[in-house]
Amino acid sequence: MRRRRRQQTPATEPDLPITPMLDMSFQLMAFFILTFRPVPTEGQLALVLPDAGNTAPSFASPLEEKPDAYVATVSPTGGVPSDITLLKDGELEPKTFKMTAGNQSQAMNDFYKALGEIIREKKTAKGPLPKLEIQFGDEVRYQFVIKMLDDAKLAGFEKISPNLLGKTPPKKPLAP
Amino acid sequence: MSVPANHDKAAEPNLTPMLDMVLQLVMFFMLCANFIAEETNAMVKLPDASAARILDKNTGQTIFINLTYPGKDKFGVDQPKTLTFNAGVRKVACGNSLQLQTELENQYKLDETRAQKKPEDRAEWEAGRARSIVILRADQRHDYKEINEILAACRAAGYRDIQLRAIQLKN
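Here the protein sequences line up with chains Y and X, keeping their order. Anchor point for the first sequence: position 162 equals 162 in the numbering used here, and the numbering is continuous, going up by one each time. Anchor point for the second sequence: position 124 equals 124 in the numbering used here, and the numbering is continuous, going up by one each time.
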């Protein structure tokens, strides 16, 4: 029997065309670079909405010290900035931070310092942290609302409630 | 001087490492691409705040309320003011704050039903917790009057803890 001799073929190396793949990859990369827009980090400011009507009964012990309550107001009208007032619950005369077209940032800085001072005093006295309600007028820009809430948070207030100016029912005088 | 025998072979650059690197770059840009999340709205220009904190991932159900400002979009087309309620799979375009309040009330009932199933959740519910977290994404150009209408709707529905979303400023 005659043995067939296997014909030897030269070994061919597989040739993968890299160039078109690279072209396509560059196009993809160009697309993603052009459409790339880094997303700014979004965060939250936590707030507690004020009660709609009467305040709920407090379960705190009568021996426990009640936290102080402060009310700040701001209400620009027709683009004219108004003063910021800060009133402690039980006091009659509010602190006023004069705000004119030129010194808005100065008034905001003074307001921020006053809030920081309140928190510092409370921490020194080791009392409960005070609550703050900020009442805004109809025309206050939301950016300004956030700025005031931001300042209050940075100063150290934890319980902050936003409200519409004039919506808080007036307190009835105590019966003699 | 003798010349090597393989002098006629064409010099070819090795493209494979280059391709590897380009593919890695493509991968990076694909992963970092700005995919707009369903619950958020890119039309809302958020205000800035330094004290804004990132929401904990382990929080429960969240409700997103988006309030856009009327104006032109990036293609120059006029867009009206929109108010949308988004809680998981439920996404509703609300015409006004009353409609939003209805949606919030429905969600509040759902929260209550969910909390009644387990005794520990029931105790949390009684203590004023175990409710969905309401996140308000409102455009910075709005007046407070419009924001207050939304906050009033949340309060009327039973939600008192509200998170106002803002762009986090680096200190």
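No lab work stands behind these hints: they were computed from the structure. None of these values were measured; they are calculated from a predicted model. It is possible that part of the hints are untrue.
Straight-line Cα separation of at most 30 Å, DSBU-like style, residue types lysine-lysine; simulated pairs [stated by the list, open to error]:
| hint | chain 1 | residue 1 | chain 2 | residue 2 |
| --- | --- | --- | --- | --- |
| 1 | Y | K147 | X | K109 |
| 2 | Y | K159 | Y | K123 |
| 3 | X | K74 | Y | K159 |
Heads up, incomplete: computed chain X residues facing chain Y, CB under 8 Å, no partners named [what the hints assert, rightly or not]:
| hint | residue |
| --- | --- |
| 4 | G71 |
| 5 | L110 |
| 6 | I135 |
| 7 | R155 |
| 8 | I162 |
| 9 | Q163 |
Pairwise CB distance ranges (calculated) [said to hold, decoys possible]:
| hint | chain 1 | residue 1 | chain 2 | residue 2 | range |
| --- | --- | --- | --- | --- | --- |
| 10 | X | R129 | Y | K122 | 50 to 60 Å |
| 11 | Y | D15 | X | D56 | 47 to 57 Å |
| 12 | Y | T12 | X | M27 | 41 to 51 Å |
| 13 | Y | P38 | X | N96 | 34 to 44 Å |
| 14 | X | T113 | Y | G102 | 16 to 26 Å |
| 15 | X | G71 | Y | F26 | 45 to 55 Å |
| 16 | Y | T12 | X | I54 | 56 to 66 Å |
| 17 | X | V89 | Y | G90 | 42 to 52 Å |
| 18 | Y | E117 | X | D161 | 20 to 30 Å |
| 19 | Y | D138 | X | Q99 | 16 to 26 Å |
| 20 | X | D48 | Y | K122 | 25 to 35 Å |
| 21 | Y | R37 | X | V77 | 46 to 56 Å |
Don't be surprised by glycine CBs; every beta carbon is placed ideally from N, CA and C.
So, going through the hints one by one against the coordinates:
1. Y:K147 <-> X:K109: violated (34 Å)
2. Y:K159 <-> Y:K123: holds (15 Å)
3. X:K74 <-> Y:K159: Given that 30 Å is the threshold and the Cα spacing comes to 39 Å, the pair is violated.
4. G71: violated (15 Å)
5. L110: Violated, because the Cβ-Cβ distance from L110 of chain X to chain Y comes to roughly 20 Å (cut-off 8 Å).
6. I135: It holds, given that the least Cβ distance between I135 of chain X and chain Y is near 7 Å, below 8 Å.
7. R155: holds (5 Å)
8. I162: Hint on I162 of chain X: holds, closest Cβ of chain Y at ~5 Å, below 8 Å.
9. Q163: For Q163 of chain X, the interface hint holds, since the closest Cβ of chain Y sits about 4 Å away, which is under 8 Å.
10. X:R129 <-> Y:K122: 50 to 60 Å: Given a distance of about 26 Å, which is not inside 50 to 60 Å, the answer is violated.
11. Y:D15 <-> X:D56: 47 to 57 Å: holds (55 Å)
12. Y:T12 <-> X:M27: 41 to 51 Å: At 33 Å between Cβs, range violated.
13. Y:P38 <-> X:N96: 34 to 44 Å: Holds, since P38 of chain Y and N96 of chain X (Cβ atoms, about 35 Å apart) stay within the stated range.
14. X:T113 <-> Y:G102: 16 to 26 Å: Once the Cβ atoms are compared, 56 Å apart, the range 16 to 26 Å for G102 of chain Y and T113 of chain X is violated.
15. X:G71 <-> Y:F26: 45 to 55 Å: Distance hint for G71 of chain X, F26 of chain Y is violated at roughly 37 Å.
16. Y:T12 <-> X:I54: 56 to 66 Å: holds (58 Å)
17. X:V89 <-> Y:G90: 42 to 52 Å: holds (49 Å)
18. Y:E117 <-> X:D161: 20 to 30 Å: holds (28 Å)
19. Y:D138 <-> X:Q99: 16 to 26 Å: holds (22 Å)
20. X:D48 <-> Y:K122: 25 to 35 Å: At roughly 28 Å between Cβ atoms, K122 of chain Y and D48 of chain X fall inside 25 to 35 Å, so the hint holds.
21. Y:R37 <-> X:V77: 46 to 56 Å: At 20 Å between Cβs, range violated.
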